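So the protein lines, in turn, are chains A, B, C and D.
Mapping of the first sequence onto the working numbering: position 20 corresponds to residue 20, and the numbering continues sequentially without gaps.
So the mapping is simple: the working numbering equals the position in the second sequence, first residue as 1, plus 152.
So the mapping is simple: the working numbering equals the position in the third sequence, first residue as 1, plus 304.
So the mapping is simple: the working numbering equals the position in the fourth sequence, first residue as 1, plus 456.
Just so you know, these hints were derived from the structure itself, not from any lab.
Here the structure is a predicted model, which means the values were calculated and not measured.
It is possible that some hints are incorrect.
[Unchecked claim] Computed list of chain B residues with no C-beta within reach of chain A, every gap over 12 Å:
| hint | residue |
| --- | --- |
| 1 | 166 |
| 2 | 170 |
| 3 | 172 |
| 4 | 176 |
| 5 | 205 |
| 6 | 215 |
| 7 | 217 |
| 8 | 218 |
| 9 | 242 |
| 10 | 269 |
| 11 | 282 |
| 12 | 297 |
[Claimed, not checked] Quick list of simulated restraints, FRET-style, between CB atoms:
| hint | chain 1 | residue 1 | chain 2 | residue 2 | range |
| --- | --- | --- | --- | --- | --- |
| 13 | B | 248 | D | 580 | 23 to 29 Å |
| 14 | C | 429 | D | 577 | 26 to 32 Å |
| 15 | A | 53 | D | 552 | 50 to 56 Å |
| 16 | B | 248 | C | 358 | 49 to 55 Å |
| 17 | B | 287 | D | 582 | 44 to 50 Å |
| 18 | D | 461 | B | 248 | 41 to 47 Å |
| 19 | C | 443 | D | 469 | 44 to 50 Å |
| 20 | D | 548 | A | 53 | 50 to 56 Å |
| 21 | A | 124 | D | 500 | 39 to 45 Å |
| 22 | C | 408 | D | 589 | 44 to 50 Å |
| 23 | C | 362 | A | 53 | 50 to 56 Å |
| 24 | D | 510 | A | 90 | 45 to 51 Å |
Idealized CB from N, CA, C, for every residue including glycine.
Protein chains: 4
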Amino acid sequence: MSDERFGVHVDVRVRFAETDAQGVVYHANFLVYCEVARTEYFRALYGELTADERRHGRDYDTTIVHAACDYRAPARFDDSLRIWCRVAELGRSSLTFAYRVARITDEQLICEARTVQVAISRATRKSTPLPSEFVSRVRAFEDSLSAGSRSA
Amino acid sequence: MSDERFGVHVDVRVRFAETDAQGVVYHANFLVYCEVARTEYFRALYGELTADERRHGRDYDTTIVHAACDYRAPARFDDSLRIWCRVAELGRSSLTFAYRVARITDEQLICEARTVQVAISRATRKSTPLPSEFVSRVRAFEDSLSAGSRSA
Amino acid sequence: MSDERFGVHVDVRVRFAETDAQGVVYHANFLVYCEVARTEYFRALYGELTADERRHGRDYDTTIVHAACDYRAPARFDDSLRIWCRVAELGRSSLTFAYRVARITDEQLICEARTVQVAISRATRKSTPLPSEFVSRVRAFEDSLSAGSRSA
Amino acid sequence: MSDERFGVHVDVRVRFAETDAQGVVYHANFLVYCEVARTEYFRALYGELTADERRHGRDYDTTIVHAACDYRAPARFDDSLRIWCRVAELGRSSLTFAYRVARITDEQLICEARTVQVAISRATRKSTPLPSEFVSRVRAFEDSLSAGSRSA
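Let's have the full structure, built from the sequences with the hints guiding it.
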C-alpha cells in the first residue's frame, strides 16, 4: 500500500456524515480527503509554521482550477483510509498534486485523484509565478522523500 | 401544512449528497435547510437588496450562538421539502428564528428547529444592539405577515 | 449562456454552507451541483416516475467511477447558478454526463465538469450492460433536445 | 480543559471544507464533530468489535430525535479541536449524549452540544426499549470512567 513516490500521508476514519444512501462514501467527499492530505503536505513542507504564518506576508493566494477523481472501490462508514499525497508537477504558476486513497485494513485502493492549483496575485487577481523559494522548497522536499524511500 | 405564524418559506429537493447510510437525510443537514430559509427571509425583508448590499455599510456581523432541532420523521432522497421560517424573538442584540420543515407531498412534519443569532460589532467583536431600523423592519414585516394570514 | 447541446438545466442558489474561508464555493461542492442536475436529467427522462419508481424492478445500481471539474471562475454566497447537463457518451455499461455551471446574472462560466457512471449488477456487484430500453430512451431524449434546440 | 465527567474524547483538525465565508467553522459541522466523538464512544464501549459487528444481530436502529448546540467561540481552519463526549442520560428507549468541543492549543471552549437518540425496532419502526445488556454496559463504562477520573 505504500508507494515510494508518495512521501506524505494522513489517515482518516470515514464519518457517517460522509456516507450516502448507497451506504458508501459520497463521491465528492474524496476531494475533501485530498484537501486533508494537502494540508498535511504543507505542514510537512513548512514544519514549524502554522497555516496562518505560512500565509502571512504572502502576496498571493492559490485557487483550485482542476480536480479529478478515479473511483476504484467503495469505502464505508468507519473504514480507516490512508491518503497519500505528492507534488506531481510544478509549473510556472501551477502546482499539481496526485493522491491515492487506500483502506488500511486490506490495502484496497479506493480512489486516485489529482488537483491543480494556480497562484493568484492578491493585488491583481491574475495568475502569478510561484515564488522561487516555494519551488525550491518543494523540489528539495520531494527529492528528500525519494531519497528516503530509496534508502528505506 | 401552512402555518399562519410562519410568513416565509422556501422549497428544497433532498440531494443525494445530503443522505447518509441509513438512507435518510443526515441530521446536521437540516441546519443547512434552515439557513436556506433564513436567507429567503432576509431577501423577503429587504426585497430589492442583494446579500452584499444588505451587508454594505453595516458595522456588525451576526453569529449563530445556539441551534436546536427536533426531528419528527425521516426525509429521503428527492423528497420535496418546504421550510417555513419566522422571527420568533427579537432581543436587544439577539434574533431568534423558528423553523418548520415538512414534506410537501404528504404534509408530514419532518423537523422543527430554532436558531439564535447575535449581532457582533466589527470593531470590537463584542455583542452590539441590533440597529433600530432593522428591529422596526422585522416587526413591521412580521405584523404584515400575520395580518396577511388573518385576512387570507 | 444557453448551450444548444445541453438539454436539461436546473438552477441553484449558493448556500452559505457551501462557501469556504476564501469566500467562494468550496470546490468539491460543484460535484454536488452536478448531482442535482443529473437528478433533474433523470426526472426529465422519466417524466412521470419518482426516483423510487425508476429504481423499482431494476437489477442494477450505478456507481460513479470518474469525476472531473475545471474551475473557470469563483462563485459566491447567494449567487444564482444554472447547471446545464447532458449525456455526452453512452458505452456498453457506462454513462458519461457533461455539465456547465454558469452564473445567471452575468452569464459568467463558473465550472465545467464530467462524470462517468457504470451500471453494476445487484446480484454480482460486477459491471453489467445498460438495459437497451434505457439506452434507447436516452438516445431519443438527446435527439429530441437537439431537434428542439435547432428549431428554437 | 479535561472534564472529569467526560470519559471519551477524540481530536479533529478543522478542514478547509468545514469553514464558511465568515472564515470560521460552519455551525452545522459541529454536529458532525459530535458524531465523530460518538463513534469513538461506541468504539471505547465495545472495544473489540467493529461498527458492523456491533450492529450485527441487533433488531433495532437508533435515530437522532434531538440535537442542540451552544456556540461559545469560533473555530478556524487547521485548529486542533478536542471533542469530549459522555452519556448524560439513559431512558427506557433513549440515549442522551453531551459534548464539549475545545481548541487544544489555548483550551478555549468552542461549543457545547447534546444529542438524543431513540432505539427503533427494525420490524415495527416504532421506539423499542434499549437492550438491558447495552444499558448495563454503558452504566458500567461511565462508572469506570468516573472512578478513573477520581483516582487519576
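Right, here's what the structure says about each hint:
The claim that residue 166 (chain B) is not at the interface with chain A is violated, since a C-beta of that chain comes within 12 Å of its own (minimum 10 Å). Interface exclusion of residue 170 (chain B) from chain A breaks down, the closest Cβ pair being 8 Å apart, not more than 12 Å. For residue 172 (chain B), the requirement that its beta carbon stay farther than 12 Å from each beta carbon of chain A is not met, with the minimum near 5 Å. At roughly 8 Å, the least C-beta separation between residue 176 (chain B) and chain A is not larger than 12 Å, which violates its mark as non-interface.
Every CB of chain A is more than 12 Å from the CB of residue 205 (chain B) (nearest about 22 Å), matching its label as outside the interface. No Cβ of chain A approaches the Cβ of residue 215 (chain B) within 12 Å, the least distance being about 20 Å, so the stated non-interface status holds. Residue-level check passed: residue 217 (chain B) sits 23 Å from the nearest beta carbon of chain A, beyond 12 Å. Every C-beta of chain A lies more than 12 Å from that of residue 218 (chain B), the closest at about 21 Å, which supports listing it as non-interface.
No beta-carbon of chain A is positioned within 12 Å of the beta-carbon of residue 242 (chain B); the least distance is around 33 Å. The claim that residue 269 (chain B) lies off the interface holds: its Cβ sits roughly 24 Å from the closest Cβ of chain A, which is beyond the 12 Å cut-off. Residue 282 (chain B), annotated as away from the interface, keeps every beta carbon of chain A farther than 12 Å; the closest lies near 32 Å. Every Cβ of chain A is farther than 12 Å from the Cβ of residue 297 (chain B); the closest lies at roughly 35 Å, confirming the non-interface assignment.
Against the hinted window of 23 to 29 Å, the Cβ-Cβ separation of residue 248 (chain B) and residue 580 (chain D) comes to about 37 Å, which falls outside the hint. Roughly 30 Å separates the CB atoms of residue 429 (chain C) and residue 577 (chain D), a value that falls within the hinted 26 to 32 Å. For residue 53 (chain A) and residue 552 (chain D), the Cβ-Cβ distance of about 41 Å falls outside the hinted range of 50 to 56 Å, so the restraint is violated. Evaluation of the 49 to 55 Å hint for residue 248 (chain B) and residue 358 (chain C) yields a failure: the beta carbon distance comes to about 41 Å.
Checked against the hint of 44 to 50 Å, the pair residue 287 (chain B) and residue 582 (chain D) passes, with Cβ atoms roughly 45 Å apart. Roughly 29 Å separates the CB atoms of residue 461 (chain D) and residue 248 (chain B), a value that falls outside the hinted 41 to 47 Å. Taking the beta carbon of each, residue 443 (chain C) and residue 469 (chain D) are about 48 Å apart, inside 44 to 50 Å as hinted. At roughly 53 Å, the beta-carbon separation of residue 548 (chain D) and residue 53 (chain A) lies within the given 50 to 56 Å, and the hint holds.
Range check, residue 124 (chain A) to residue 500 (chain D): Cβ separation about 53 Å, and the 39 to 45 Å hint is violated. Checked against the hint of 44 to 50 Å, the C-beta distance between residue 408 (chain C) and residue 589 (chain D) comes to roughly 57 Å, which is inconsistent with it. Taking the beta carbon of each, residue 362 (chain C) and residue 53 (chain A) are about 54 Å apart, inside 50 to 56 Å as hinted. Judged by the Cβ atoms, the range 45 to 51 Å given for residue 510 (chain D) and residue 90 (chain A) holds: they are separated by roughly 46 Å.
Comparing the model with each earlier hint shows violations of hints 1, 2, 3, 4, 13, 15, 16, 18, 21 and 22; every other hint is respected.
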